[in-house]
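Colleague: Next come the chains, spelled out residue by residue.
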Amino acid sequence: MGDGVLEVRFYATFRPLVGAASVELPLAADASVRDLLADILERWPALRPHLLDDAGGLGRRVLFLVDGRPVRYLEHGLDTRIGPGTPIDVFPAVAGGGSAKGRAPGPPAEC
Amino acid sequence: MKLSEFGSRIVHVDLTAQSVERRPAPADWTRKYIGARGLGVRYLLEADPRVDPLSPENLLCFLNGPLSGSETSMSGRWACVTKSPLTGTVTDSHQGGWTAARLRWAGIDGLIFSGRADHPVYAFVEDGEVSLRDATPVWGMGVHETVSFFRERYGERNLSVCAIGGAGERLCRYAAWLNEDDRAFGRGGTGAVGGSKNLKAIVIRAGTKRSDVSDPAAWKAVRRRALDAIRDEKNITSPKKGGLSVYGTNVIMNVTNQIGALGTRNSQTTSFGDQAATISGEYVADHLLTGNPTCHACPVACKKQVRITEGPWAGLEMESVEYEPAWSLGANCGNADVASVAKMIDQCNDHGMDPIELGNALSVYMEATERGWVDGPGLAWGDTEAMVEMTEAIAARKGDGDLLAEGPAIVAARLGHPEIAMVAKGQAVPAYDPRGMKGMGLGYATSNRGACHLRGYVAAAELGVVPIDADPLEWRGKGELVKAFQDLHAFSDSLDLCKFSAFAEGADEYAEQYAVALGGEFKAEDVLLAGERIYNLERHYNNQAGFGADSDTLPARFTEEASTEAGSKGHVCELEPMLDEYYAARGWERGVVPAAKLAELSIP
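Line by line, the protein sequences are chains A and B.
Throughout the first sequence, residue numbering follows this note's numbering, covering 1 to 111 in sequence.
Throughout the second sequence, residue numbering follows this note's numbering, covering 1 to 604 in sequence.
Incorrect hints may have been included.
Stated by the list, open to error - To give an idea of the interface, some chain B residues facing chain A are shown, with a C-beta separation under 8 Å as derived from the structure:
#	residue
1	P467
2	D471
3	G567
Said to hold, decoys possible - Footprint (simulated), chain B over chain A, 3 or more residues, beta carbon under 8 Å:
#	stretch
4	3 to 13
5	26 to 39
6	55 to 68
As the list claims (entries may be wrong) - The following residues of chain B were derived to be distant from chain A, with all beta-carbon distances above 12 Å:
#	residue
7	M1
8	S4
9	E180
10	A217
11	S238
12	A277
13	A386
14	G520
15	Q544
16	E600
Honestly, the hints are just simulated from the structure, not real lab data.
Predicted, not measured: the structure shown is a model, and the values here were computed from it.
Every residue, glycine too, gets a C-beta built ideally from N, C-alpha and C.
Can you make the complete structure from the sequences, with help from the hints?
Modeller: Structure, rendered in structure tokens:
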């Protein structure tokens, strides 16, 4: 994968923070999701509290899709390599929210 | 309004005898089955579970929960419980708005109708009294006109009208009850049961009443804790900040589209591609939104008032373009025109129909047309004017509309291809394709009212926004997870709190609000135990109604035809191994509740 341009789509309450539904970002050869995330945060620092958790990792409430898959479930996670044609979609929590205290609604903590 | 007295004001209406009798619910029933959904199923068990749903012997229960109409956040709900003419199972459906609160303020906890009136009637409720009155003048009217009629007769102030439209009168199997014009007991055909009984409406007049509890300070504190969670800016429920509050339920459209869980053209594919954008919540907010109505005691305001400004339906004002109908009448029918979706939702609200079932009846008919299985012109994907015309025909039961009024399972069977009906236990699937969200598929198959997303909203976990790891494409672990969500929701549906409260609250908040409201001890584990008992009671009813072993199924399209689109590409829904996990967690024998389990849960 060489240098190129990557389209990143934002949704719902992230759109006003970015000012657009979709943006094109330069992409270095062998870039990873982690590199892309850093670039996004540098360009739109207002997203930082929404995208990152207290430890600086990708927040659990963010749905960061790489080719339609949540990055947290990809084998290499944030180190997944991406190229100019990779679909990237970034959503805030849209189907739920969970308790502020982090309690599950009753189901087991892991599955 | 003493909350601890919930259950003492149940009114039984025999429509055949035109008699009204007030009898309290047995204390044992309200303790074990809480109220609303759970209590309704317990009443239903008193009639023969094998009863014909459209016969006078079926019961039609409208019940509040112990928190309905109180100051508890998101408590503006009540339940309609009956045997479904669509599925033959027990069904419960819930309405928001203000009707539940007004029923409580009028001094009534629930209305249970039996028999069949010899002419159209409506029930009028005021000051603790219920009377049957002649509905002949409104029989034949749509819901909107019926509401206007009663507002003119009784005045708009403090008035709620819950009515059926023409679809219910003509026994469309997915007819619904609507209140305040736009809020539905949507699923399961409860409106047809009303029509079969010649019951047109319930009209309630009541002013606001405050809750009376034994410990007001504790009551205020527990409600404050729940409200703080709802308002938390990190939660989707946060007023004017969270996605649910800002965009409504349709905020989810683009997500399911991208992960490959948006069934398209009768679930032949799993994504609507770029066309999903124009039926999404973001599009509605940017182009059509005019207001944010809400229900009693709800700061979230997820309802979205819209106005259509262009095209053949310009001038239409309605609420609300929810995710489910935007999918069923949109992507599911190959339709990217949001104005037509709003028009058909409004038709459903006026005629009293479930738009999820309508969309699936249309999409079955469209696929059959595409494959050459329909005599005559049929219906083409995305032909919006023809869809609107067919919706009118269904409500009127005219032409092919008479067939489509029977629901997608019967449409597909009569066309000789039952395999193209995307149903479970005869009820159409909602807007999450099980190939892209496998836990939802298990939830559809094991729902006691037929395919349903609301019996166990495991989507909240599969989309990663509650603190539970649940990869939407992983089937392992979903059995126990689905059970847990089902049990939790069975309890909240019995309180009766809005399902969306679970986006901010959990079993702890439910337990402490219930305990303080009614007095006595009640813990989080009691919430889940009561929910489990209610879920088993429903299944026990279904078992007696004829749903035996191996009744929990999904269409082969979901289990055998792999997704070809978006994030779920290559995946099917592995139902069988998930069922094994699920039955083990439930202690059921292939979907049947054994006697030992009934005894363990003290059922009935």
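Colleague: Indicate, hint by hint, whether the structure satisfies it.
Modeller: Verification of the supplied hints:
At its closest, the beta carbon of P467/B sits 5 Å from a beta carbon of chain A; the interface hint therefore holds under the 8 Å criterion. Taking 8 Å as the C-beta cut-off, the interface hint given for D471/B holds, the closest approach to chain A being about 5 Å. A distance limit of 8 Å between C-beta atoms decides the matter here; for G567/B the minimum to chain A is near 2 Å, and the interface restraint holds. Using a Cβ-Cβ cut-off of 8 Å, 3 residues of the stretch 3 to 13 of chain A lie near chain B, which meets the minimum of three, so the contact claim holds.
Counting residues of the stretch 26 to 39 of chain A whose CB lies closer than 8 Å to any CB of chain B gives 0, which falls below the minimum of 3, so the coverage claim is violated. For the stretch 55 to 68 of chain A, the proposed coverage by chain B is satisfied: 6 residues have a C-beta within less than 8 Å of a C-beta in that chain, meeting the threshold of three. Residue-level check passed: M1/B sits 29 Å from the nearest beta carbon of chain A, beyond 12 Å. The beta carbon of S4/B sits about 25 Å from the closest Cβ of chain A, which is more than 12 Å, so the claim that it is off the interface holds.
At the 12 Å boundary, the C-beta of E180/B stays outside the reach of chain A, the nearest C-beta of that chain being 26 Å off. Annotated as non-interface, A217/B keeps its C-beta farther than 12 Å from every C-beta of chain A; the closest such distance is 22 Å. The Cβ of S238/B does not lie farther than 12 Å from every Cβ of chain A; its closest approach is about 8 Å, which violates its non-interface assignment. With a minimum CB-CB distance of about 8 Å to chain A, A277/B fails to clear the 12 Å threshold, and the non-interface call is violated.
With a least beta-carbon separation of about 32 Å from chain A, A386/B lies farther than 12 Å from that chain, consistent with its non-interface assignment. The Cβ of G520/B sits about 21 Å from the closest Cβ of chain A, beyond the 12 Å cut-off, so the non-interface label holds. Distance check for Q544/B against chain A: the nearest CB is about 28 Å away, which clears 12 Å, and the non-interface claim stands. The Cβ of E600/B sits about 19 Å from the closest Cβ of chain A, beyond the 12 Å cut-off, so the non-interface label holds.
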